[in-house]
Amino acid sequence: MTKCRASLLPIFVTLLVFAAACHKKAVPPPPPAPPPAAPENKPVINYFTAEPTTISSGEPASLRWSVTDANNVQIDNGIGQVSPNGRRAIYPTATTTYHMTASGPGGTAEADATVTVSTPPPPQPVRSQPATTVQDILAHQVQDIHFDYDKSDIRPEDQSILQADANALKTIFSMDPNFIVQIEGNCDERGSAEYNLALGDRRAQAARDGLVALGVPADKLHTISYGKERPICVEASEECYARNRRAHFAAAQ
Amino acid sequence: MRTLITSLLLLSAFGWLFARQQVVGTIEKNPGKPHVAATDFRGAGAAAGLVGDFNSTVASDLQNSPLINFVPKTLYPLQVPQQPSDLIAGVTQPSVRPTNPVGNRLTDWSLPPITANFLGMGYSAEDHGMFVVFGWLYSTSPTIPALQQAQVFGKVYTAPLTREGAIDAGHRYAADILAQFGGKSLVGTRIVFVSNRTGSKEIWVMNWDGTDQRQLTRYRSISTFPSASPDGHIVAFTTYANGYPAIQMMSLDSGRRLTFYNQRASMNAFVTFTPDSKRIIFSSTAGWGPAQLYMANVNGSGLRRITSSGAIEVEAKINPKTGTDLVDVSGRGGLPQVYHMNLDGADIQRLSPGTGEATNPSWSPGGDHIAFAWTKGFEPGNYNIFIMDVASRQVTQLTANEGRNENPTWAPDGAHIVYASTRGGRSQIWVMNADGTNKHELTQVGSNEKPVWVNAEQ
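Quick note, the sequences are listed as chains A and B, same order. For the first sequence, our numbering gives the first residue as 532, with consecutive numbering after it. For the second sequence, our numbering gives the first residue as 2, with consecutive numbering after it.
Read the hints as simulated data drawn from the structure, not as lab findings. A portion of the hints provided could be inaccurate.
To be verified - Label pairs and their computed distance ranges (CB to CB):
| # | chain 1 | residue 1 | chain 2 | residue 2 | range |
| --- | --- | --- | --- | --- | --- |
| 1 | A | 763 | B | 442 | 42 to 50 Å |
| 2 | B | 394 | A | 691 | 41 to 49 Å |
| 3 | A | 763 | B | 200 | 18 to 26 Å |
| 4 | A | 701 | B | 381 | 36 to 44 Å |
| 5 | A | 709 | B | 442 | 48 to 56 Å |
| 6 | A | 688 | B | 380 | 21 to 29 Å |
| 7 | B | 442 | A | 701 | 50 to 58 Å |
| 8 | B | 255 | A | 671 | 32 to 40 Å |
| 9 | B | 216 | A | 763 | 25 to 33 Å |
For each residue, glycine too, the CB sits at the ideal point set by N, CA and C.
Sequences and hints are given; from them, build the entire structure.
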């Protein structure tokens, strides 16, 4: 009857579908062929320069470079491997040629950069420098001589200072034979200004005589007294008094 | 016969004198210093408000003078003469005196209780906008026969109609009175000193009462240690303006620099003048070694060495009365002391007692006293002003517990001393009576020191 014929339709459709799907055993298309291998680029050193190209000894310089197509960039002279683009400070002490090697799959590239280190200018003649050097010795090596109250004699414990001062002064006068040193005698503030003017003069004289006895040329040493007019401290203390009782050394004007 | 008449005349004259003396009684209990009375002057019109200052100035100057005994006003009679026409000759009757004290007779002043030898009197008035004083001085001595001959002086004093004017007139009248007894007036005298008020130590000058302070040097260096010639014309000082401490001389009136030849030396300083102002003694290191005393002409020529002590010799001061000897400060005995010697350096002896440190000696005008600064038993730097009677060597202390006091110098009247004191903190210039009383300050600005009292110009 009809009921039998009706149930056959879905089966027929399904069979058709299957038949369409696998009517034949299909072969998947082959994968696309790999692209042909590109030819390898050689590394290119776009630039490798030193700036400045000429320096004086002790001055810095720098290297700059840019490299493409390299996976290993090296610079000799102790620098080693670097990135493809960069700069580096250098401090050559002599003329140096820096050699760069850039390598990659495509090959190798090389370049050089040279820094010329010029010889330093000749030193200035000693005569044009001594004012500074001599002033330096005067300020730092020629020390004040100190005295006891109402006294102008050099104390035994200060003889070594006097000797050191003599040595420094002799150095000064050999460096600059025209230099004159002024020895300034001073006092603490307790005595009268009048007596102290004369006492300061005695102290400057005593220091001068002591130095001359140690071989310092006498005509290079002038003396002056400032009495108690130029104290270096004003406290009413034994420590300040002792500091003011001094022979001080300065360049004569 | 003639001798008989002469002797009779003489006898009667003596008798007359004797009689007079008996009438007037004794006058001179103390023949030493004269006794002086000075009335309170009265003033008419605008002078009335100022005459009080005049009177107190006169009384103060006379009271403070060592030359006279000033009779206290409490003893004066109520009625006082104001002008010569007020004076009557003769003697007030004893019966009148106790009940009605008048002073119109000189004998009212010469007898007890006043017993004055001299009477100052007068009055003041305003005239043409000025303060005018008529002042007289009379001697009350009974040996003067007539009233007209008893007047010592009569003067007119004119001053601005202000307190300062009245005070100045008082100073001048008192000075004229004291001048009768050897007193030198302070009018016209000045004080040179050192001030740092401009930023550096310079030499300055002012009137004796501290007015009109003027700058003399402008070196902007260190200028100090001034001294002055006795004729009042020259101020000498030491300055670093040319590098080394050297002497300069300046005319006090014109401010003009005077020629002075400094010796080639690391130090030239501390000038003192002979009484005729023509030669000087000063300290110099010209001979190497410590500073010594040298004599020279006032321009520095004609140098002659005076001392060779091997020790520091500074602050020579020539005796203004004799001109033949000097004092100085020497380190020959150790710490500084005051020594005395002749002008040629001979006959040296120590004047100061010998302890501590003695410095800054200064002669009184009469040459009988030295003022000096001394640490006497105190720590170094603790100076006070002392005066020494040169003959007896007796020492009197004039300052105590008033800071550091130094550089005393005498006024020309021998009655005042100017000095420097740190009693107020900074060093300032002070004046006191020669007995240490009546101290007052003359400077206030900056730090001021080393005052020297200069005679009025002669």
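Within 25 to 33 Å or not, the Cβ separation of residue 216 of chain B and residue 763 of chain A? Hint holds: Cβ distance 28 Å, inside 25 to 33 Å.
Satisfaction of the hinted span 42 to 50 Å by the C-beta atoms belonging to residue 763 of chain A and residue 442 of chain B: Violated, since residue 763 of chain A and residue 442 of chain B (Cβ atoms, about 31 Å apart) do not stay within the stated range.
Supplied distance hint 48 to 56 Å, evaluated on CB atoms of residue 709 of chain A and residue 442 of chain B: holds, 53 Å
Falls inside 50 to 58 Å, the C-beta gap from residue 442 of chain B to residue 701 of chain A? For residue 701 of chain A against residue 442 of chain B, whose Cβ atoms are near 55 Å apart, the range 50 to 58 Å holds.
Is 41 to 49 Å right for how far apart the beta carbons of residue 394 of chain B and residue 691 of chain A are? holds, 48 Å
Residue 255 of chain B and residue 671 of chain A, beta-carbon distance inside 32 to 40 Å? Because 50 Å falls outside the window, the suggested range is violated.
Range hint compliance [Cβ, residue 701 of chain A to residue 381 of chain B, 36 to 44 Å]: About 37 Å separates the Cβ atoms of residue 701 of chain A and residue 381 of chain B, which means 36 to 44 Å holds.
Look at the Cβ atoms of residue 763 of chain A and residue 200 of chain B and judge whether their distance stays inside 18 to 26 Å. holds, 19 Å
Honestly, do residue 688 of chain A and residue 380 of chain B meet the 21 to 29 Å range at C-beta? holds, 25 Å
Comparing the model with each earlier hint shows violations of hints 1 and 8; every other hint is respected.
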